[in-house]
Amino acid sequence: MTSYVKEILTGFYSLLAGMGVTIRYFVKPIVTVQYPREKLQMSPAYRGHTEFVLDPETQTHRCIACELCSRTCPSQLIHLEGVKVGKKKLPSKYVIEYHLCSLCGLCVEVCPTQALQFSKEYRLAGYSRQDAVIDVFARMQAQQRRLGWPVTPIPEPQPEAEGEAEAKPKPAKAKPAAKKAEKPAEAEAAPAAPETPATPAEEEEKS
Amino acid sequence: MATAAQSVSIFGMIAGLIGVMALVAVNALFLIWMERKVSAHMQLRPGPMEVGWHGAIQTIADALKLLGKELITPRDVDKPVYLAAPIVIFLPVLVSFLVIPFSQNLIIRDMNVGVLLILSFAALTVLAILMAGWASNNKYAVFGAIRSVAQNVAYEIPLLITLMSVILMVGSFRLTDIVAAQSRIWFVFLQPIAFILYIICATAETNRAPFDLPEAESELVAGFHTEYSGMRFALFFLAEYTNMFIVAALATIFFLGGWRGPFLPGIVWFLIKVYAIIFLIMWFRWTFPRVRFDQLITLSWKILIPLALANLIVTAFVLKLV
Ligand code: SF4
Ligand code: SF4
Numbered sequence: 006m007t008s009y010v011k012e013i014l015t016g017f018y019s020l021l022a023g024m025g026v027t028i029r030y031f032v033k034p035i036v037t038v039q040y041p042r043e044k045l046q047m048s049p050a051y052r053g054h055t056e057f058v059l060d061p062e063t064q065t066h067r068c069i070a071c072e073l074c075s076r077t078c079p080s081q082l083i084h085l086e087g088v089k090v091g092k093k094k095l096p097s098k099y100v101i102e103y104h105l106c107s108l109c110g111l112c113v114e115v116c117p118t119q120a121l122q123f124s125k126e127y128r129l130a131g132y133s134r135q136d137a138v139i140d141v142f143a144r145m146q147a148q149q150r151r152l153g154w155p156v157t158p159i160p161e162p163q164p165e166a167e168g169e170a171e172a173k174p175k176p177a178k179a180k181p182a183a184k185k186a187e188k189p190a191e192a193e194a195a196p197a198a199p200e201t202p203a204t205p206a207e208e209e210e211k212s
Numbered sequence: 385m386a387t388a389a390q391s392v393s394i395f396g397m398i399a400g401l402i403g404v405m406a407l408v409a410v411n412a413l414f415l416i417w418m419e420r421k422v423s424a425h426m427q428l429r430p431g432p433m434e435v436g437w438h439g440a441i442q443t444i445a446d447a448l449k450l451l452g453k454e455l456i457t458p459r460d461v462d463k464p465v466y467l468a469a470p471i472v473i474f475l476p477v478l479v480s481f482l483v484i485p486f487s488q489n490l491i492i493r494d495m496n497v498g499v500l501l502i503l504s505f506a507a508l509t510v511l512a513i514l515m516a517g518w519a520s521n522n523k524y525a526v527f528g529a530i531r532s533v534a535q536n537v538a539y540e541i542p543l544l545i546t547l548m549s550v551i552l553m554v555g556s557f558r559l560t561d562i563v564a565a566q567s568r569i570w571f572v573f574l575q576p577i578a579f580i581l582y583i584i585c586a587t588a589e590t591n592r593a594p595f596d597l598p599e600a601e602s603e604l605v606a607g608f609h610t611e612y613s614g615m616r617f618a619l620f621f622l623a624e625y626t627n628m629f630i631v632a633a634l635a636t637i638f639f640l641g642g643w644r645g646p647f648l649p650g651i652v653w654f655l656i657k658v659y660a661i662i663f664l665i666m667w668f669r670w671t672f673p674r675v676r677f678d679q680l681i682t683l684s685w686k687i688l689i690p691l692a693l694a695n696l697i698v699t700a701f702v703l704k705l706v
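Going line by line, the protein sequences match chains A and B.
So in the working numbering, spot 72 of the first sequence is number 77, and the numbers just go up one at a time.
So in the working numbering, spot 265 of the second sequence is number 649, and the numbers just go up one at a time.
Rather than coming from a laboratory, the hints here were simulated on the basis of the structure.
A few of these clues could be false.
Once the Cα atoms are required to be at most 30 Å apart in a straight line, the calculated DSSO-like pairs of lysine-lysine come out as [to be verified]:
no., chain 1, residue 1, chain 2, residue 2
1, B, Lys421, B, Lys453
2, B, Lys463, B, Lys453
3, B, Lys421, A, Lys33
4, B, Lys523, B, Lys463
5, B, Lys463, B, Lys449
6, A, Lys11, B, Lys686
7, A, Lys44, B, Lys421
Take the sequences, apply the hints, and build the full model.
Written out as structure tokens, the structure reads:
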């Protein structure tokens, strides 16, 4: 008889304790994020696709088009072209086929000037594989525009010395064209595409 | 004179019927929204937010969707019974509103057997569930129906006994008398055990978690209404939520002093109390896991019925002594 009463009382108490827990949760603030209207801050360790680091001093990228990253990339998905501007070499095109990226980070690590970083971009849904091809250079330009910094133009090849002025342009121009032909069709179309994927990304980072 | 009185009462009946229909619909729409909100907030979610202010007219949108759904009748069902079940489950729900006093004068018919009327018609719900489950010709539906019968038989007994101990104190089956008897003190303070037992039994009677075995989703798909779609399903749903309102109204009348309360009009107090009880029942649902069937029956026969009987006997003794 006593065990019967005890069972009822302990059972009843445990039920009340459970209800205490739920009512405490009932008055707690909700944690759900109403996604398109509210967004979470991504954690610092989040790895999106790579992007150029914007140097606050020079207000532009630090890439010297050494091609170390594209050579190191195990998936061979970085397509970059460099041109000589005076003494320096600068990238005129930096496109990644993000759908092939394994986010291994080798490109970020190998870069001699620390020109690359992982972006916090997570809204990457697209309708075709083409949507995953990201023009990193255009993305950087868009970031500069947003920050109100001078936008780095795509550099034009400049003659190094006067004497070569006549002879150089021809092979220099022919070379990128030839390179383009080798590449898959997606990379070809990439420079045209960048604005579209980059635009939501801008809004994203602003908020 | 007699005919005039009769015609007035018939007019009152029709007005009452329309009022009840409106109340049933609005109540169900509100309760479904409330349930979704309560469950959501207990799980730190916002719940419906898109349609209307905080999703307030979400259920109307859902109801419209249900109205537009095709009424599927499976080939091998027992057709007349299958079609009758949603109507039968809805009838007792409507009848119960006949005698519920919403406030001093807001009562369709003040019968002196009010309690008995509600309880006897409430038993029809089981019949409807059995009809639905049997006629569906579906093993899950039959299992749900069988469980429902066993459960309702088990829980109707302590329910009646607990109400009996209050009725003993009042000496009347008339609901207005029971409310009037609580003018000084609510019966929840005089009969706390009866109140707790009543709430447990009421939860089981309305087939709600943790006693929702007749429609246990994880085992029986949807239980007795597995084969129902569209508006027929909606009728079962409507009946469930209206049943909740009725048991909460009974709890209010029997234990919380009915429409009595300071300042506000009676109907407001009545609805506040009813929805407070309904919140309690929802709170149970989102706290407790579903019990196993043997636990369910054990709880009723070994704990609730003895306790209710003991409570009744003690009440009778005390009344005799005083
Ligand atoms: S993270 Fe790895 S796979 Fe992706 S681009 Fe860099 S090197 Fe290539
Ligand atoms: S390794 Fe760095 S500097 Fe070299 S091309 Fe890649 S991003 Fe530019």
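Against the structure, the hints:
Pair hint Lys421 of chain B plus Lys453 of chain B holds up; C-alpha atoms about 25 Å apart against a cutoff of 30 Å. Taken as a hint, the Lys463 of chain B and Lys453 of chain B pair is honoured in the structure, with Cα atoms around 19 Å apart against an allowance of 30 Å. Between Lys421 of chain B and Lys33 of chain A the alpha-carbon distance is near 13 Å, which keeps this suggested pair within the 30 Å criterion. Among the hinted pairs, Lys523 of chain B with Lys463 of chain B is consistent with the structure: their alpha-carbon atoms are about 17 Å apart, no more than 30 Å.
At roughly 25 Å between alpha-carbon atoms, Lys463 of chain B and Lys449 of chain B fall within 30 Å of each other, so this suggested pair holds. The straight-line distance between the Cα atoms of Lys11 of chain A and Lys686 of chain B is roughly 14 Å, inside the 30 Å bound, and the hint therefore holds. Straight-line distance between C-alpha atoms of Lys44 of chain A and Lys421 of chain B comes to about 22 Å, which keeps the hinted pair within the 30 Å bound.
Violated hints: none; the structure is consistent with every hint.
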